[in-house]
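Undergrad: Given next are the chains, with one letter for each unit.
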Amino acid sequence: QQQVKQSPQSLIVQKGGISIINCAYENTAFDYFPWYQQFPGKGPALLIAIRPDVSEKKEGRFTISFNKSAKQFSLHIMDSQPGDSATYFCAASRSGGGADGLTFGKGTHLIIQP
Amino acid sequence: EPEVTQTPSHQVTQMGQEVILRCVPISNHLYFYWYRQILGQKVEFLVSFYNNEISEKSEIFDDQFSVERPDGSNFTLKIRSTKLEDSAMYFCASSQLPGPYEQYFGPGTRLTVT
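For the record, the sequence lines run as chains A and B. Going by the working numbering, the first sequence opens with residue 153, and the numbers climb by one from there. Going by the working numbering, the second sequence opens with residue 1062, and the numbers climb by one from there.
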């Protein structure tokens, strides 16, 4: 019940295209959904996050769409650029009152072709 | 921009040896975390720490692991008797407020157990 399922495992998108990565969760107690970007040899970097009181959040070219009833959320990267090539992880956490750890998806390896 | 730092970047140790991984969280953050990432796999939560005590831990964080904040700036993860399967990237993270809230990751320590 703690799992976060992420797809696809890998994705190739042409420069200027839209990259879409999907995640699904099971634990209805989750109420915080961040996306992290990771470049080789680096730590995960927080990209954008959403809470379930909104259905969409946009920051620049990055948008999270959230469907509470379906327990799904997705990351859309508009006008994808070669510099966006990285591994993307979705994650989820709950408001437990303490320092709750993040449950991560397995990651999507995104390649943007010039 | 403040960032989480970790030392060493790479540690090689023999099976059965003790290792200590060090982290300096962002200075005004109060909540600290350790995660690990086995090569090619997802990031996994190990433990969270607040007010000098463990807040939450996963099933991975068994008696071989311990955490400590020995002074006002460092946060350490100790593995008492390393096993081959402990080989992984270990990431420290910190947040200003309790979960769910933005967690910022360090660059990681690659631990290789031979």
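Everything labelled a hint here was simulated from the structure, so no lab data went into it. Ideal Cβ placement from N, Cα and C applies to all residues, glycine included. Check before you lean on any hint, since a few could be wrong.
Covered by chain A, per the in silico footprint, the following chain B stretches (three or more residues, Cβ under 8 angstroms) [stated by the list, open to error]: (1) 1072–1079; (2) 1120–1130.
Once the Cα atoms are required to be at most 30 angstroms apart in a straight line, the calculated DSSO-like pairs of lysine-lysine come out as [claimed, not checked]: (3) A:K167 x B:K1103; (4) B:K1144 x B:K1103; (5) A:K210 x B:K1144; (6) A:K223 x B:K1118; (7) A:K209 x B:K1144; (8) A:K167 x A:K210; (9) A:K167 x A:K258; (10) A:K194 x B:K1118; (11) A:K194 x B:K1103; (12) A:K258 x B:K1144; (13) B:K1103 x B:K1118; (14) A:K167 x B:K1144; (15) A:K223 x B:K1144; (16) A:K209 x A:K194; (17) B:K1103 x A:K258; (18) A:K194 x B:K1144; (19) A:K223 x B:K1139; (20) B:K1139 x A:K220; (21) B:K1144 x B:K1118; (22) A:K167 x A:K209; (23) A:K209 x A:K220; (24) A:K157 x A:K220; (25) A:K210 x A:K258; (26) A:K258 x A:K209; (27) A:K209 x A:K157; (28) A:K220 x B:K1118; (29) A:K157 x B:K1103; (30) A:K194 x A:K258; (31) A:K220 x A:K210; (32) A:K157 x A:K258; (33) A:K167 x A:K157; (34) B:K1139 x A:K209; (35) A:K194 x A:K157; (36) B:K1139 x A:K194; (37) A:K157 x B:K1144.
Undergrad: Are the hints correct? Go through all of them and say.
TA: We went through each hint and held it up to the structure:
no.: 1; hint: 1072–1079; in the structure: violated (count 0)
no.: 2; hint: 1120–1130; in the structure: violated (count 0)
no.: 3; hint: A:K167 x B:K1103; in the structure: 27 angstroms, holds
no.: 4; hint: B:K1144 x B:K1103; in the structure: 20 angstroms, holds
no.: 5; hint: A:K210 x B:K1144; in the structure: 44 angstroms, violated
no.: 6; hint: A:K223 x B:K1118; in the structure: 25 angstroms, holds
no.: 7; hint: A:K209 x B:K1144; in the structure: 43 angstroms, violated
no.: 8; hint: A:K167 x A:K210; in the structure: 20 angstroms, holds
no.: 9; hint: A:K167 x A:K258; in the structure: 24 angstroms, holds
no.: 10; hint: A:K194 x B:K1118; in the structure: 24 angstroms, holds
no.: 11; hint: A:K194 x B:K1103; in the structure: 14 angstroms, holds
no.: 12; hint: A:K258 x B:K1144; in the structure: 24 angstroms, holds
no.: 13; hint: B:K1103 x B:K1118; in the structure: 17 angstroms, holds
no.: 14; hint: A:K167 x B:K1144; in the structure: 44 angstroms, violated
no.: 15; hint: A:K223 x B:K1144; in the structure: 37 angstroms, violated
no.: 16; hint: A:K209 x A:K194; in the structure: 26 angstroms, holds
no.: 17; hint: B:K1103 x A:K258; in the structure: 4 angstroms, holds
no.: 18; hint: A:K194 x B:K1144; in the structure: 24 angstroms, holds
no.: 19; hint: A:K223 x B:K1139; in the structure: 37 angstroms, violated
no.: 20; hint: B:K1139 x A:K220; in the structure: 39 angstroms, violated
no.: 21; hint: B:K1144 x B:K1118; in the structure: 20 angstroms, holds
no.: 22; hint: A:K167 x A:K209; in the structure: 23 angstroms, holds
no.: 23; hint: A:K209 x A:K220; in the structure: 14 angstroms, holds
no.: 24; hint: A:K157 x A:K220; in the structure: 15 angstroms, holds
no.: 25; hint: A:K210 x A:K258; in the structure: 23 angstroms, holds
no.: 26; hint: A:K258 x A:K209; in the structure: 22 angstroms, holds
no.: 27; hint: A:K209 x A:K157; in the structure: 21 angstroms, holds
no.: 28; hint: A:K220 x B:K1118; in the structure: 27 angstroms, holds
no.: 29; hint: A:K157 x B:K1103; in the structure: 11 angstroms, holds
no.: 30; hint: A:K194 x A:K258; in the structure: 16 angstroms, holds
no.: 31; hint: A:K220 x A:K210; in the structure: 17 angstroms, holds
no.: 32; hint: A:K157 x A:K258; in the structure: 7 angstroms, holds
no.: 33; hint: A:K167 x A:K157; in the structure: 26 angstroms, holds
no.: 34; hint: B:K1139 x A:K209; in the structure: 39 angstroms, violated
no.: 35; hint: A:K194 x A:K157; in the structure: 23 angstroms, holds
no.: 36; hint: B:K1139 x A:K194; in the structure: 22 angstroms, holds
no.: 37; hint: A:K157 x B:K1144; in the structure: 29 angstroms, holds
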